[in-house]
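There are 2 protein chains.
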Amino acid sequence: MPKVAPLSGFPELLPADRYVERSIIDQLARTFELHGFANIETRVVEPLDRLAKGGEIDKEIYVLRRLQGGEDDGTGLGMHYDLTVPFARYVLENAGRLEFPFRRYQIQKAWRGERPQEGRFREFTQADIDVVDKNELSFHHEIEVAAVMAEALVATPLPPMNMQLNNRKLIEGFYRGLGIPDPSAVMRAVDKLDKTSIGAVEEALVQEVGLSAADARKCLDLAAIRAADVSFVDDVRRLGVEHPLLDTGLEELAAVLDGCLASTGRRFTVEANLRIARGLDYYTGTVVEIFMSGYESLKSVGGGGRYDALASDGSTTYPGVGISFGISRSVVPLLARGVLSGSRPVPSAVLVAVADEKSRSVSRRAADRLRVRGIPTELAARPQKYGRQIRYAERRGIPFVWFPGAGGAPDEVKDIRSGEQVVADADEWSPPAPDLAPRVVGEDADSSTDRRTGKEDR
Amino acid sequence: MPKVAPLSGFPELLPADRYVERSIIDQLARTFELHGFANIETRVVEPLDRLAKGGEIDKEIYVLRRLQGGEDDGTGLGMHYDLTVPFARYVLENAGRLEFPFRRYQIQKAWRGERPQEGRFREFTQADIDVVDKNELSFHHEIEVAAVMAEALVATPLPPMNMQLNNRKLIEGFYRGLGIPDPSAVMRAVDKLDKTSIGAVEEALVQEVGLSAADARKCLDLAAIRAADVSFVDDVRRLGVEHPLLDTGLEELAAVLDGCLASTGRRFTVEANLRIARGLDYYTGTVVEIFMSGYESLKSVGGGGRYDALASDGSTTYPGVGISFGISRSVVPLLARGVLSGSRPVPSAVLVAVADEKSRSVSRRAADRLRVRGIPTELAARPQKYGRQIRYAERRGIPFVWFPGAGGAPDEVKDIRSGEQVVADADEWSPPAPDLAPRVVGEDADSSTDRRTGKEDR
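So the sequence lines, in the order shown, correspond to chains A and B.
Sequential numbering of the first sequence, starting at -17, is according to my numbering.
Sequential numbering of the second sequence, starting at -17, is according to my numbering.
Any given hint could turn out to be false.
For identical chains, the list gives no copy identity; a pair is met inside one copy or between any two copies.
Said to hold, decoys possible - Straight-line Cα separation of at most 25 Å, BS3-like style, residue types lysine-lysine; simulated pairs: (1) Lys116 - Lys367; (2) Lys116 - Lys340; (3) Lys174 - Lys200; (4) Lys340 - Lys174; (5) Lys281 - Lys116; (6) Lys41 - Lys177; (7) Lys200 - Lys116.
It is worth saying that the hints were derived from the structure and are not from the lab.
Pulled out of the complex, with its shape left as it was, chain A reads as follows (with noise of 0.2 Å):
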């Protein structure tokens, strides 16, 4: 076989990067389950209408079609490049047997043909929460949304969060107090700024949009306040601009922001950033961004929002909000950068020695008197001298050793990072709880409790 390169864009991890990843995914599911969110797996692959909507992803799409299905191979299928479009779907698809408002979590992987940097993939798992319902979506699911998200982000190993949040019924309403007609131009003027300069929009709002100069400049101070408490209300009424949507956005991103405040702290941020707007027709209330402290290179690690119509059936619509989290995105690069990592590779706290070949049975039912308590155990492959299986085990980071006595003598168990070894029942020893299974290492892991077995597979 030709030697193997990775695939660049298409991120895989070795088994201790891949506990991390799992154990974040863990956490992440719990928190949503705890709020009562229901998990649901969509196929990976949408109809092509459903997936191209004329806009700049289309050409990132990856088209499915047979190796050898002759002249009409296409499938017309196309793989999903997030999980908003498959859940809209299968809303519609199934919304007589869905008890609404239906709240659901899914974690999955999705697909975009984008040149690959870091933190951005080809292939990337992301975890989405929303809340959609029929026709009628109640405001307070806004602040749940944004409120679990940060409960889940805390409750993860991952770099401290900082939430950013607008609304959109705030940024509209406040350029109509303004008599502006065309909100929208405005908005796509004002979302530039990541990109070129304040006085670039500022011009573009006077000359492309037709905005006074006094407007114009109002409309780059709305844009420039930013607040971790709702001080933010204040700030915008000093701009002297009224309007009853206004109002309502004022009152919405309050409610918002003070829900989030629970899980503020060393781990977790948030704040009002009147700037941000997330694309220009999708959104239509509370609107978030998520970023990871320290890595504001990596962009917005997470982000969603509530909508208005996620589906329509042509008599009913489906509003709703909802968070995405960029697993991949976030987690590759900390795990590339040694920020986080596995403690062990093998989930095994303990191997048992093999004094021969023909012993292995006695081993193996010492290992099941281990494994029926839950204690993840293996036995050593070959029965070297017990000098190279106490290495073998030291290899994969796996802390205990366990000896069966032979001839009526009592089993041993060595602790191989302490060198200490003692006497133990099979029916009755236990690791100490933190070394039952690999933890996370780094960053907000309790490192304080961190005591690494030994060498990584990384």
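Fit chain B to the known structure of chain A by using the hints.
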């Protein structure tokens, strides 16, 4: 949007059914980890030259191209149709960073563009365990992998499983003992016993392979041997054929059978079935097929065996042994037939009632006190009359409704199945353990403790 129809061959599950699938995946993973198997995931695509081997499967491969990639839009990538091809590539790619023998499990989707039928899907999930070593793999891993898969399946609520074992050395040794120069021609003919009559196979062995009538008879006698214990050894011996490879094969098959006996009982049976061959070129020792009792029409729901060259980089070969279990193949038909189901479509054990929108934060605080102790809890979406909020819980199968006390009154909790309502403290009350999470209902899901809590979403 157009009316949405399901896509044939791409099964999707409603939340209660998805809970069943996830439970089974978690239970399998738990057993694999208890035996020291580490989890990995591989990307879903492989270079086409690695996937397409000129066999039957080639025309079922899904190939990726970019939607708007221009003339040169081929990616050279296809979606994997099993987890063995990507695992072999992963081992080669990471050989320098893995410890051998390398024990891994992998639970992922795979794709085949075949004609959908019951249990056969175009997108399906499977669970694989393999042990791979460098250059030489100890035989005891063949016992281990079969025994671990047996133990893992018994720990799920799936119907009883029947594992059928054979050994390629046994078959080849027997044929060589008869003086047959081309054992694979005989194997190819005998392999057709599934599809044709014994008489037709006998004729083919004589006419096409060129065996004597007596030898052909003996080959068929061998293929007819089945036994649930090591008595098959005597049955083979009685055929009077001798060969050292046959001796090895008999010894190995007896040892693998013996290793699986610990799991036998009402939930699992194992037998030697000397007709099992599993293809022609790939396997070199133990071969395994798994059938689900009562669902033999699904054909095998799992299989695998020993292969001497999973992968090779020219200088090093990587022999291994592995078994794959079809999660979609077994679980989806059971869900469709209603044999298995989830007890409720939401994780929530408690619905906290909301008296009015103003006091939602009071309800939220009660919910948080329950959640912090691991009790999945959601809030009523609307402050309707309590009777309607109770029906909201009922429709979701949520067993308990929590009523925050108003004006200094204590909180109360109602078991909506019995109607019993008691005073309760959100810092202390817990639901009975079986109500904490949804449960798998049916088959061997410990149905004695089953109390269905309400309607499901299927």
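Status of each hint after checking the structure:
no.	hint	verdict
1	Lys116 - Lys367	between (68 Å within a copy, 20 Å between copies)
2	Lys116 - Lys340	between (67 Å within a copy, 23 Å between copies)
3	Lys174 - Lys200	within (16 Å within a copy, 81 Å between copies)
4	Lys340 - Lys174	neither (73 Å within a copy, 39 Å between copies)
5	Lys281 - Lys116	neither (34 Å within a copy, 43 Å between copies)
6	Lys41 - Lys177	within (22 Å within a copy, 47 Å between copies)
7	Lys200 - Lys116	neither (37 Å within a copy, 69 Å between copies)
Figure legend: structure checked against the earlier numbered hints; hints not met, in rising order: 4, 5 and 7.
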